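Position chain B relative to chain X; hints supplied.
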Amino acid sequence: MLDVVFMCEGTYPFVPGGVSSWIHSLIEGMPELKFGIVYLVPSEEDELKFRYEMPENVVDLVVVPLYDIVFKPQSKTPFQAAAWQEVTPFVKGILRGESVGFDQAFPHLSPRGDREPTLTVKELANSYQAWEVLTEAYRENYPKASFNDFFWSWRYAFLPLFKLCLAEVPRARLYHTVTTGWSGFLAAVAAKRYQTPFITTEHGLYVNERRIEISQADWIFVDAPRRGALEVGLGTFKEIWINLFLALGKLCYQHTDHIYTLFEGNRRKEIEFGAPEEKIEIIPNGVNVEMFQSHEIRALKPSGAFRVGLVGRVVPIKDIKTFIKAVRFMSAEIDDLEVYILGPTDEDEDYFAECQTMVEALGLSDIVVFTDRVDVRAWYPILDVQVLTSISEGQPLVLLEGFCSGLPAVASDVGACREIIYGRSAEDKALGPAGSVTWVGNARQTAEAVIALQKNPAELKKRGEAGRQRVMKYYRRDQMLDDYRSIYHSYTDGRVGEGVKV
Amino acid sequence: MSRTVAVEIGPRKGASGRREILSPYINVLGLPFFLLAAILSFYSGYLLLMQPETASDAPFPFWAYFLHCLAAFLTGLGVYIALGKHEDSRLGWSLFTGVFSFLAGPVGVVGAIVTYFAARGQPKQMPLTEVVKAEMFVTVAEEEEPEDVQSLNLKISEQAQVEPFIDMLPLADIQTAIAIVNRLRERGDRSDIEMIREISQDPRPEVYQYALAILDKMEKAFAGEVYALAQEIKEHPQEAQLKIDMAKLHIDYMESGLLDESLSDYYWELTLSYLFEAKLAHPGKPELGADFAQLLAKKSLIPEAGRVAREVLKKEPSLIQAQLLVLQDLFEKSVSEEETTSLSVARKTALENAWAVRVPAKRKPGMGPTYDLARFWFGEEHA
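Order-wise, the sequence lines are chains X and B. Under our numbering, the first residue of the first sequence is numbered 1, with each subsequent residue one higher. Under our numbering, the first residue of the second sequence is numbered 1, with each subsequent residue one higher.
Isolated chain X, as found in the complex (with noise of 0.2 Å):
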């Protein structure tokens, strides 16, 4: 049996990004402990291409394609009345964004031990009473809507649930999922069906992630606005898929046995989506000091001129154009200005020849360089100010990874980028600041905020030995380590606290 199994969405192994490299610092650290992964990709088709150098310690991984389903033959006893009494409050709960019945629902829905669940993905999809409780639940929450389409957002909806439930995941003493959504459901099924705790860690925050998204999304059915009407809310189908996910998250709240998150943000949106106050333990991130500072610096010609970087990758999330604009308002200030926009820019290459397009016509062509993909350990201590323009951020390591150089930040008023520059708690901020906090969106200010380091040494260097002293000592990896093996040997070792299951 493993030790813990990841529950990976969009992640580990197979994406890069703050959660992966903070699950891949996790396996590394604790070589003790034998990790399995489990991967939801939406089809099996999806290739898959590995991002890091899987530990020896990772012994087992799994995909699981959401929506390649396959249906198993309807049950000899076609009529389920009382198993679907029982998953009917459960399916009808989700429309309404409510985590109710799973206990009473999951016997019908997922194996346990020897036994198969009453209801098969085909009864569950395509039997006359799965057609009843969906035309029910359309009346009861949708009655204006085009069923057509409520049918297929539905189906859409409820069938990878459904999948997920049979999902074969391999046994281990705990599970961890680093999302609530799919991966957080697959997990409290896995605890479910073998008697195992789960623990949930989140970075940002996936039900406010899928809800910006969907919001924004355009490949769902809006209906058109009445002419003249000031239309609020977000239609019909995108409310069905936001619903899913804010229910998928109560679920994941619900049923888990501690939440971890970065920091105190985060906790505050946890509790208004539905988790108990209780269960939520702060862990900030940490990074390898060491292996930042003492990484040997990139031979760059010396010219004396003011670097900016961007570590990120080139994708909207980091708002790359706000980047860019300031660039501009900063060489109309900055004479010798050399700017570096470190990070993959093969993720959305509309967005990259977008962002191109832009420093063209902007005419910083000789100033801005897209690097791609870098070892950026060799690129912060050449730096003089990193700058980070996202939109929406959990608790972003390159800050850190910044500050273990002396690397001062500018960083938009995103996650927690706040607690990171200017300090958490008193002591913290006794410290000074790291660096600005500027508005999202706001080219200007971020540029301003460059500039006035820029044009002030002394203060620069201030804000950037007020980062490494942070860093030192608070968001060293060795103390999340620490934290997180406390927590993993708590559950394996079978040295646990009260109310776990183990």
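Since the hints were made in silico from the structure, they are not lab data. There could be a bad hint or two in this list.
List time: in silico DSSO-like cross-link candidates among lysine-lysine, alpha-carbon distance up to 30 Å [said to hold, decoys possible]:
id: 1; chain 1: B; residue 1: LYS314; chain 2: B; residue 2: LYS298
id: 2; chain 1: B; residue 1: LYS234; chain 2: B; residue 2: LYS298
id: 3; chain 1: B; residue 1: LYS333; chain 2: B; residue 2: LYS279
id: 4; chain 1: B; residue 1: LYS220; chain 2: X; residue 2: LYS238
id: 5; chain 1: X; residue 1: LYS269; chain 2: B; residue 2: LYS217
id: 6; chain 1: X; residue 1: LYS238; chain 2: B; residue 2: LYS217
Everything numeric in this text was worked out from a predicted model, so none of it was measured.
Frame of chain X; chain B shown alone:
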């Protein structure tokens, strides 16, 4: 224009799986017509039966046929009145029963009436799946209103419904704020886009992220066009018109409200550089000069526009676009400096060039202040 509608939306309380779609209501005023139709029809039948078959000099049974036709008509009329509430079907039903009565005589009248009563119970309810089909396929014509009434209604209702909410934005919940962003995006004026830019500074992540995404989508449209034009310019660097188009695009971008004001100076420089390049590529082409002047005017640089337009007119005096810009320049100068000499000169020049459009003697609906200016400019005698 057509739109898809549901036959009837929303279940009744207590209804399970079925919805009422037609009322069984019948107007009782139809009944006397049915009765009269039946009597007349039978009577006409009686008259026809009594007609001796062999008598060659017997008169034509005019009354019998007249009463037969009247009975058929009354049957149809009775149905039309009885179906008072079913406006979509009443005419069809009345024609059908009328014709049926006409063809089949008294039996037809009775048959039509009976058929109608039997059919009046036409499906009051239909299964949900049928309702769904109906929702998917039934289309009706949208009521058309005159265009100006439509736009006026739209403007009034938008202002009434959106603007109070915009004022209350700081108090609005997330969904309302997002709805306001959507509405502003639909309206799409410069002030609306500037408002979205303001909303993008809202402290709530759901709101600012949505506003930023909308702004990004709008900017994308410009970025795409700029990119395509830039590629074309790379391929055809001597094509002056492409550079003029690029300059126009940049001005549209500046005017859109999407651009941070402090970047507009840069974009203006960029615009000018495209214009100069275009001019240098074809120094002798007056149309390019006129375009240049017009862009300057668009940027409210009227004296500069006037200067360029004068240069253009030296080469090509018939370019109306340039002449108008000169006049605009002179007019504004005369207003700001309170001197009329240049104005008189310009007016004289314009009249001599005979390009002046004829201005209607009476103001027509829809004519704005331009009419007054034109009247003043060209004088009564040219009206």
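message: Hint check: LYS269 of chain X vs LYS217 of chain B, CA-CA at most 30 Å. Holds or violated?
response: Given that 30 Å is the threshold and the Cα spacing comes to 28 Å, the pair holds.
message: LYS314 of chain B and LYS298 of chain B were given as a pair; does the straight-line alpha-carbon distance stay at or below 30 Å?
response: holds, 22 Å
message: For LYS234 of chain B and LYS298 of chain B, compute the direct alpha-carbon distance and say whether it is at most 30 Å.
response: Status holds; Cα separation ~27 Å.
- request: Take the C-alpha atoms of LYS220 of chain B and LYS238 of chain X, compute the straight-line distance between them, and say whether it is at most 30 Å.
  value: holds, 23 Å
- prompt: Given the proposed pairing of LYS238 of chain X with LYS217 of chain B, does the C-alpha separation stay at or below 30 Å?
  reply: With a Cα-Cα distance of about 19 Å, the restraint between LYS238 of chain X and LYS217 of chain B holds, given a limit of 30 Å.
- prompt: Hey, LYS333 of chain B versus LYS279 of chain B, does the alpha-carbon distance stay inside 30 Å?
  reply: Judged against 30 Å, a Cα distance of about 27 Å means the pair holds.
In this structure, every one of the numbered hints holds.
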